[in-house]
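Chemist: Sequence:
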Amino acid sequence: MVTNALTHGTAPVTLTITVRTEPEPTVILDIADTSPDLPVQDLPGEVGHFGLWIAEELARLTVHPTPTGKTVRAEFVLFDQPAIG
Numbered sequence: 001m002v003t004n005a006l007t008h009g010t011a012p013v014t015l016t017i018t019v020r021t022e023p024e025p026t027v028i029l030d031i032a033d034t035s036p037d038l039p040v041q042d043l044p045g046e047v048g049h050f051g052l053w054i055a056e057e058l059a060r061l062t063v064h065p066t067p068t069g070k071t072v073r074a075e076f077v078l079f080d081q082p083a084i085g
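Residue numbers (the working numbering): 1 to 85.
Rather than coming from a laboratory, the hints here were simulated on the basis of the structure.
Treat the numbers as computed from the prediction; the structure is a model and nothing was measured.
Treat the hints with caution; some may be incorrect.
[Claimed, not checked] Using 20 angstroms as the maximum straight-line C-alpha spacing, the simulated EDC-like pairs for lysine to aspartate or glutamate come out as follows:
| id | residue 1 | residue 2 |
| --- | --- | --- |
| 1 | 70 | 30 |
| 2 | 70 | 37 |
| 3 | 70 | 56 |
Model the full assembly from the supplied sequences, consistent with the hints where possible.
Modeler: Quick look at the structure:
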């Protein structure tokens, strides 16, 4: 997602990582840039067009226009996994 912002957005690009425990354990990535252009989802399989698709498969993805550009937020909910063995 940061690569997408660097490639398709406008500098400066910032990454903010937040860890939240309530209401559910979640890691939140906020990637901001100064371009007002919103991300466009292309079909997976086209060269170089997997970033947003992968993010949408793994996280709750939202885009927030801001007065200075936009922020793309990915919320990764952490689930308890049973111990192996």
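Chemist: If a hint holds in the structure, say so; if it does not, say that too.
Modeler: A quick look at each hint next to the structure:
1. 70 - 30: Holds, at about 10 angstroms.
2. 70 - 37: holds, 8 angstroms
3. 70 - 56: holds, 17 angstroms
Comparing the model with each numbered hint stated earlier shows that all of them hold.
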